[in-house]
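Enquirer: For the record, the sequence lines run as chains W and X. Start counting the first sequence at 1; every next residue gets the next number (the numbering used here). Start counting the second sequence at 1; every next residue gets the next number (the numbering used here).
Derived by calculation from the structure, the hints in this document are not laboratory data. Do not take every clue at face value.
[As the list claims (entries may be wrong)] Derived Cβ-Cβ restraints for the label pairs, each shown as a range:
{"hint": "1", "chain 1": "W", "residue 1": "G43", "chain 2": "X", "residue 2": "N107", "range": "32 to 38 Å"}
{"hint": "2", "chain 1": "X", "residue 1": "A122", "chain 2": "W", "residue 2": "T35", "range": "33 to 39 Å"}
{"hint": "3", "chain 1": "X", "residue 1": "A105", "chain 2": "W", "residue 2": "D26", "range": "24 to 30 Å"}
{"hint": "4", "chain 1": "X", "residue 1": "N147", "chain 2": "W", "residue 2": "P22", "range": "25 to 31 Å"}
{"hint": "5", "chain 1": "X", "residue 1": "I110", "chain 2": "W", "residue 2": "M41", "range": "36 to 42 Å"}
{"hint": "6", "chain 1": "W", "residue 1": "G14", "chain 2": "X", "residue 2": "A93", "range": "22 to 28 Å"}
{"hint": "7", "chain 1": "W", "residue 1": "D33", "chain 2": "X", "residue 2": "I110", "range": "35 to 41 Å"}
{"hint": "8", "chain 1": "W", "residue 1": "D44", "chain 2": "X", "residue 2": "F119", "range": "36 to 42 Å"}
[Unchecked claim] To spell it out: a stretch of chain X is covered by chain W in this simulated footprint if at least three of its residues, at any positions, have a beta carbon under 8 Å from a beta carbon of chain W; those stretches are:
{"hint": "9", "segment": "20–32"}
{"hint": "10", "segment": "39–46"}
[Said to hold, decoys possible] Quick list of in silico lysine to aspartate or glutamate cross-link-like pairs, EDC-like style, CA-CA up to 20 Å:
{"hint": "11", "chain 1": "W", "residue 1": "K45", "chain 2": "X", "residue 2": "E155"}
{"hint": "12", "chain 1": "X", "residue 1": "K18", "chain 2": "X", "residue 2": "E155"}
{"hint": "13", "chain 1": "X", "residue 1": "K75", "chain 2": "W", "residue 2": "D13"}
{"hint": "14", "chain 1": "X", "residue 1": "K75", "chain 2": "W", "residue 2": "D26"}
{"hint": "15", "chain 1": "X", "residue 1": "K75", "chain 2": "W", "residue 2": "D33"}
{"hint": "16", "chain 1": "X", "residue 1": "K18", "chain 2": "X", "residue 2": "E160"}
{"hint": "17", "chain 1": "W", "residue 1": "K45", "chain 2": "W", "residue 2": "D33"}
{"hint": "18", "chain 1": "X", "residue 1": "K75", "chain 2": "X", "residue 2": "E150"}
{"hint": "19", "chain 1": "X", "residue 1": "K75", "chain 2": "X", "residue 2": "E155"}
{"hint": "20", "chain 1": "W", "residue 1": "K45", "chain 2": "W", "residue 2": "D26"}
Built from N, CA and C at the ideal position, the CB exists for glycine as well.
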Amino acid sequence: MITIPVIRTATPDGELLSPSQPIPADAIAVICDGTNYFAYMPGDKLTGQA
Amino acid sequence: MMRAQSGVGFSGGGIGLKSAGVLAQSAVPASVTGTLSETTLATIAIPAGAMGVNGALRISTLWSYTNSANNKTLKIVLGGVQVQGITVTTSSAMNHIAVTRNRGAANSQITQFNSGAPFNVASQSNITTAVDTSQAQNLTITGTLANTGETITLEGYTVELLNP
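The whole structure should be built from the sequences, with the hints applied where relevant.
Expert: Okay, here's the thing in C-alpha cells:
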C-alpha cells in the first residue's frame, strides 16, 4: 500500500482534496480518509478482505 | 459492413460514420470516507484541442455509496468548472452518463445539469460553461460527504471523446 498525502485547495464551496502525486497506474483500489490517499497495489490485502 | 477498431473510424458503409474515442477508463474503486471536504476520486487529462468545436465528452460513471438520508454529492468538473452535480441519499448505487458538448466554439459548452437519472427531465436549466478546450484541461470526478462515517465510491468510469 502506498500512502499519498492530500493537497487542500480552497474552492468557492470550501476545499477540494486531491492527491499530492499521481495515483500509480497499477493501483487496484484507492481510499481517501481526508488526510491521505491509500493506494492499494497488486498483492495488497484490502481492508475487510478475507 | 461497418466495423469498429480501436482508434479507427467506422468505415460507415461509405456514409462517413465516425467512432467514439475512449480517452480514459477505469474500474479501480476510488473511495472517500472520514472527511466532509470535496475529494477528487479521478482526474482525466483532456489534451488541448482533443474536443473539437462541435465535439463532446461523454462521461459514464458507476457509483456506490452509503444508503442514508444524508446527502452524498457527486460532481464532474471540467477545467475547474462544475458541469454535473448529483446529490443522492436513500439509494445504494447509480450508473450515470453525462454529455458535455461544445457549441460551435472551443470555449462554449452545454450540459444537462441534472440531479438524478441521466436523460431524464430536470427541474434545473441546462448549464452553459466557457471552458477553453483548445487548451489542455483536467476533468475531475469528485465526491462530497455530509457524514464522515459514510462512504462514496467511484466504482468505475469511462470518458469518451465524440467528434463529428
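Enquirer: Each hint: holds or not?
Expert: Do the hints match the structure? See the list:
no.	hint	result
1	G43(W) - N107(X): 32 to 38 Å	violated, 45 Å
2	A122(X) - T35(W): 33 to 39 Å	holds, 36 Å
3	A105(X) - D26(W): 24 to 30 Å	violated, 39 Å
4	N147(X) - P22(W): 25 to 31 Å	holds, 29 Å
5	I110(X) - M41(W): 36 to 42 Å	holds, 40 Å
6	G14(W) - A93(X): 22 to 28 Å	holds, 26 Å
7	D33(W) - I110(X): 35 to 41 Å	holds, 36 Å
8	D44(W) - F119(X): 36 to 42 Å	holds, 38 Å
9	20–32	holds (count 5)
10	39–46	holds (count 4)
11	K45(W) - E155(X)	holds, 18 Å
12	K18(X) - E155(X)	violated, 29 Å
13	K75(X) - D13(W)	holds, 12 Å
14	K75(X) - D26(W)	violated, 24 Å
15	K75(X) - D33(W)	holds, 18 Å
16	K18(X) - E160(X)	holds, 13 Å
17	K45(W) - D33(W)	holds, 18 Å
18	K75(X) - E150(X)	holds, 17 Å
19	K75(X) - E155(X)	holds, 14 Å
20	K45(W) - D26(W)	holds, 15 Å
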